[in-house]
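Student: Following the hints, complete the assembly by docking chain B onto the known chain A.
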Amino acid sequence: MLASLILIIILPFFLAAGLYLKSILIINENHLQDLLFSDIWKPAENKFGFAPFIISSLWVSLSAIILAVPVCLLSSIYITQYAKSSVLKLMQPVIDILAGIPSVIFGVWGVLMIVPFSVKAAGWFNIHTTGYNIFSGALVLLVMIIPFILNILIEIFRMIPEELSEASLSLGATKWETIKYILLRKAFPGIVSAFGLGLSRAFGETIAVLMVVGNVIQIPHNIFDPGYPLPALIANNYGEMLSIPKYDSALMLAALILLAVILIFNFASRLLIMRFEKYS
Amino acid sequence: MIKKAEEIFFRILMIISTVAIAAALLLIIFSILYNGLPALSWEMISQIPKGGFYFGKEGGILNAIIGSLYLSVCSTLIALLIGLPVAMYMNVFMIKHRNTLNSVRFILDILWGIPSIVYGAFGFVIMIYFGLKTSLLAGIITVSLFIIPIMVRSMDEVLKTVPSGLLESSLSLGSTKTEISFKIFLRQCIPGIVTAVLLSFGRAIGDAASVLFTTGYTDSIPESLSDPAATLPLAIFFQLSSPVEEVRQRAFASAAVLTFVILLISIAARILSARYNRNKIKF
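Protein chains in written order, with the numbering used here: chain A, 1 to 280; chain B, 1001 to 1283.
The shape of chain B in the complex, shown without the other chains:
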C-alpha cells in the first residue's frame, strides 16, 4: 500500500514538473508579447534612432535590426563555408578512424560548451592584436568562431545517420570521396543541414555577450565592415537599463521583435526537419 502511495506521489510530481516546464515557455513568450506588443509600432522597426531617442523621443531600432541581420547572415555564411567541409570530412573521409573521429567530436562538444563571453573576450584579444577597432568585421569573426562548433556538430549528427551502404555503393560505382560528399551526402541530408544552419543563425542573432566587446554600438546603419554596428540583443539590453519609462517600453517591444524572429526560425527548422524524411533514399 505504501509502495503504491509512493509511486502515485512521485508520478504526480513528475506530471507537475513536466507541465511546469511547458508552462515556463508559454509564460516567457506570453509576458514578452504582452509587454512588448503595445509599444511596438511601425515607426519602431522602420526608423533609426533620432535625437533624444534615449530620452523617449521618436525613432526606432532599425539600426539594430539591420546590424543584427548583417552580423548573423555573414557569420552564418562563414561558418557554413568552414563547417560544411569539416562535417563532410568527418563523415566521409574519417569514417574508418573511429577513435580519431570520436576525439574530434569530443573537442567540438567542449568547444560548444564554452560560453559566448569567453569567445567575446578572445575576439577582443584578436582585435587588439591586429589593431582593429570595434567593428562589424570583428563581430563577424567572433560570432563565426562561436557558431562553427554548433554548426559542425549539428551537421555531423545529421550526416551520421546516412547508412554506410550508401557510401559503399557510391564508392563501388567509382565516384571519388569529394563527389560523394557534395553530390550524394549533401543531397541526402540537405533538409537536416538547413536545419543546422538555421539553428546556428538563431544562436548568432540572439547572442549578446560575444558582440559586446567586438561590434560596438552605434545609432546609424553600418555602411562598411569597419563600421561599428548595433545589434538587437544589445539594443534590448541598453534600453532596458534606462530609467526612462518609454525607453523601457521600447526594450520590451524590441524583445518582442527578437522573440518573433527566433520563433520564426524555430518553426522553419521544425517544418524542414519534418520534410527531412520525405526526400531521402530509404534503405
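Next up, chain A with everything else stripped away, as it sits in the complex:
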C-alpha cells in the first residue's frame, strides 16, 4: 500500500523529469528565449518558435473562460440560493453526464453545430471564415469546462455559513443585496480559484479543440482567425515526429511547457481553495 502511494506521489516528478530529459536537446541548442518568443516554425530548417502556438492557446482558453464566467456564476447562484432543491437534483445528473462526455464527442458536436454557427456569427461582422477558428474552439471549450467549474462553484457557495446571510437579511438587506455584498465577497477567493482551475483544464484540452480550431500556424489577430494551440501541435505531429531531427524533442518541450503552465495554475488555485476552506 505504502509503495503504491509513494509511486503515485512521485509520479508528477517523473512526468516532469521524463519530458525534461527528452526536451533538453532542443533547449541546449536553441536559446530558450528564441523558442518561447519567436514565431517562425520551420522544423526542417531547425527553427522552432513556439509563440504562435502559445498565443493561440491563450486566445482559445481565455475566450472560453470569459464566456464561462457569467454563465457559471449566474447558474451556480441560482442553483444554490434561489432554486428549490429539486432543481439541484435535476441539474446534478446534467452536470455529471456533461462532465463525463468524452472530448472527441464534443469535437464531433462542434463540427456538426458550432462550426456552421461560427460561419454565421462571423457573417454578422462581415468576416469571411471557414468556421474552423478560435471562436468555434472557445465555444466547444466553454461547454466542456462549464460542468467542471459549476461543480466547484456549487461546493464553494454551499460552504459559506448560513449565519452570514441570515445576519445580513435580518439587518434589512434584500436577498439580492445579500448575494451581491456578502456572498460574492466572501466567496471571492473560491470563485477566482474555480476559474483558475477551469482555465488550466481549458489550456490542456486537446482533441475537441483540435477538431474545430483550424490548425493554421500563425499568430491569430481576431477571434475569427484560425489558431493552432499547443496540445493540437503535439497531437497532430506525432506521426512525423521521428522523421525530422529534433522534432520529437521540440514536441516534448511543447508538452513540458503545457505541463508547467498547468501545474502553476493548478497549484495557485488549489492553494487558494485550501485557504478558503480554512477560513469559512
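Please keep in mind that the hints were generated in silico from the structure rather than gathered at the bench. The structure presented is a predicted model; accordingly, all values stated were derived computationally and were not measured. Glycine is no exception: its CB is placed at the ideal position from the N, C-alpha and C atoms. Warning: the hint list may mix true and false statements.
Derived SDA-like pairs: lysine to any residue, alpha-carbon spacing no greater than 20 angstroms straight-line [what the hints assert, rightly or not]:
hint, chain 1, residue 1, chain 2, residue 2
1, A, Lys180, B, Phe1009
2, A, Lys186, A, Leu171
3, A, Lys89, B, Leu1263
4, B, Lys1004, A, Ala173
5, A, Lys175, B, Phe1009
6, A, Lys246, B, Gly1131
7, A, Lys186, A, Arg275
8, B, Lys1050, B, Ser1220
9, B, Lys1004, A, Arg275
10, A, Lys89, B, Ala1024
11, A, Lys180, B, Gly1165
12, B, Lys1096, A, Ile6
13, B, Lys1160, B, Ser1220
14, A, Lys186, A, Trp176
Away from chain B, derived, C-beta distances all over 12 angstroms, residues of chain A [to be verified]:
hint, residue
15, Ile27
16, Asp34
17, Thr130
18, Leu142
19, Ile146
20, Glu177
21, Val192
Tutor: Coordinates of chain B only, in the frame set by chain A:
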C-alpha cells in the same frame, strides 16, 4: 424599485443560464444521435474494416470497439489494483496524520488536473526508453497512469464519509487495520467504489489524446499485448477528417456508439450510488 428591477433582471439571467446548460447537454446528445443513428447498422459494429473501408466501402468498427474495451478494461483493472490500496491506506492508516493526508490529496488533485496529452507524451517517453513499439501494452500503461489519480481521489471521497466510530469500534474489537480496510470499509463503501471504478472506466474509454502516441491504430483486432490496437475515439477522429461523405457518416455513427456507452456507464453509476445509502450501516 430599481433594486427590485435589478434583482428580477439577474434572476431571469440566472434561470436562462441554468436552462442553457441543460439545453447544451440535450443538444449534444440529440445532434450526435440524429446524425449518427441513420448511418448505424449491424454491419458497422460487427465487422472489422475491409478493403476500401476508408473510401466508403464495406466494413465496420469492430476493431476499434474491441480495442477500446481491451484497453479500458485492462487499465481500469490495473488502476483498481493500485488505487484501492492507496485509497484505503489514506483513510485507515493515515487518518491521524491530517497534514500529510491533505498534502497527498493536494498532489492527487494536481495529478487529476494534468491533461491527458501530457500523459500521452510521457507514455511516449517511457515507450522509447524501454524500446517498446506502439502497442496495446504501452497504451494500457499510459491510460492506467492517467486514471489512477481520478480513481484514488473519487474512492477517497467515498471512504472519507465513513464515520470514525466505525474505525474505532472495529479497532477496539481487535481487528487489524488491514482487516478493517478490506472487510469493513470495503463492504461499507462498495457501491461508492464501484461508482468510482465506472467513472474511471468512462474516462479510459473516452480519452483520445493519451492513446494517440502509444496505442497506434490498426484495422485488425489485437491478439497480444504487443500488437497495436485501434480505439473508438481515434476511429471517430480519423473517420471525421476523411473527405469521403460515407466515411464521415460512419464517424457520426461511431460517435453515437461511444455516446451510448458513456450514457450507459453514467446511468449505471447513478443507480449504484442511489443504492449506496441502502446497504450501509447507519449511525
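Student: Does the structure keep lysine 89 of chain A and leucine 1263 of chain B at a Cα separation of 20 angstroms or less?
Tutor: holds, 18 angstroms
Student: Taking only the CA atoms, is the gap from lysine 180 of chain A to glycine 1165 of chain B under or equal to 20 angstroms?
Tutor: violated, 41 angstroms
Student: Could you check that no beta carbon of chain B comes within 12 angstroms of the beta carbon of glutamate 177 of chain A?
Tutor: Nearest chain B Cβ is 7 angstroms from glutamate 177 of chain A, so the label is violated.
Student: Between lysine 186 of chain A and leucine 171 of chain A, is the straight-line Cα distance small enough, at 20 angstroms or below?
Tutor: holds, 17 angstroms
Student: Verify the proposed pairing of lysine 186 of chain A with arginine 275 of chain A, using a straight-line Cα cut of 20 angstroms.
Tutor: holds, 12 angstroms
Student: Is it true that the CA of lysine 246 of chain A sits at most 20 angstroms from the CA of glycine 1131 of chain B?
Tutor: holds, 18 angstroms
Student: So isoleucine 27 of chain A supposedly isn't at the interface. Is its beta-carbon more than 12 angstroms from every beta-carbon in chain B?
Tutor: Per Cβ check, isoleucine 27 of chain A is outside 12 angstroms of chain B; nearest 15 angstroms; holds.
Student: Given the proposed pairing of lysine 1004 of chain B with arginine 275 of chain A, does the C-alpha separation stay at or below 20 angstroms?
Tutor: violated, 35 angstroms
Student: Is the straight-line distance between the alpha-carbon of lysine 180 of chain A and that of phenylalanine 1009 of chain B 20 angstroms or less?
Tutor: Given that 20 angstroms is the threshold and the Cα spacing comes to 14 angstroms, the pair holds.
Student: Given the hint that lysine 175 of chain A pairs with phenylalanine 1009 of chain B, test it: the Cα-Cα distance must not exceed 20 angstroms.
Tutor: Holds. Lysine 175 of chain A to phenylalanine 1009 of chain B sits at ~14 angstroms (cutoff 20 angstroms).
Student: With a cut-off of 20 angstroms on the C-alpha distance, tell me whether lysine 186 of chain A and tryptophan 176 of chain A pass.
Tutor: holds, 15 angstroms
Student: Is lysine 89 of chain A within 20 angstroms of alanine 1024 of chain B, Cα to Cα?
Tutor: holds, 18 angstroms
The structure shown violates the earlier hints numbered 9, 11, 13, 18, 19, 20.
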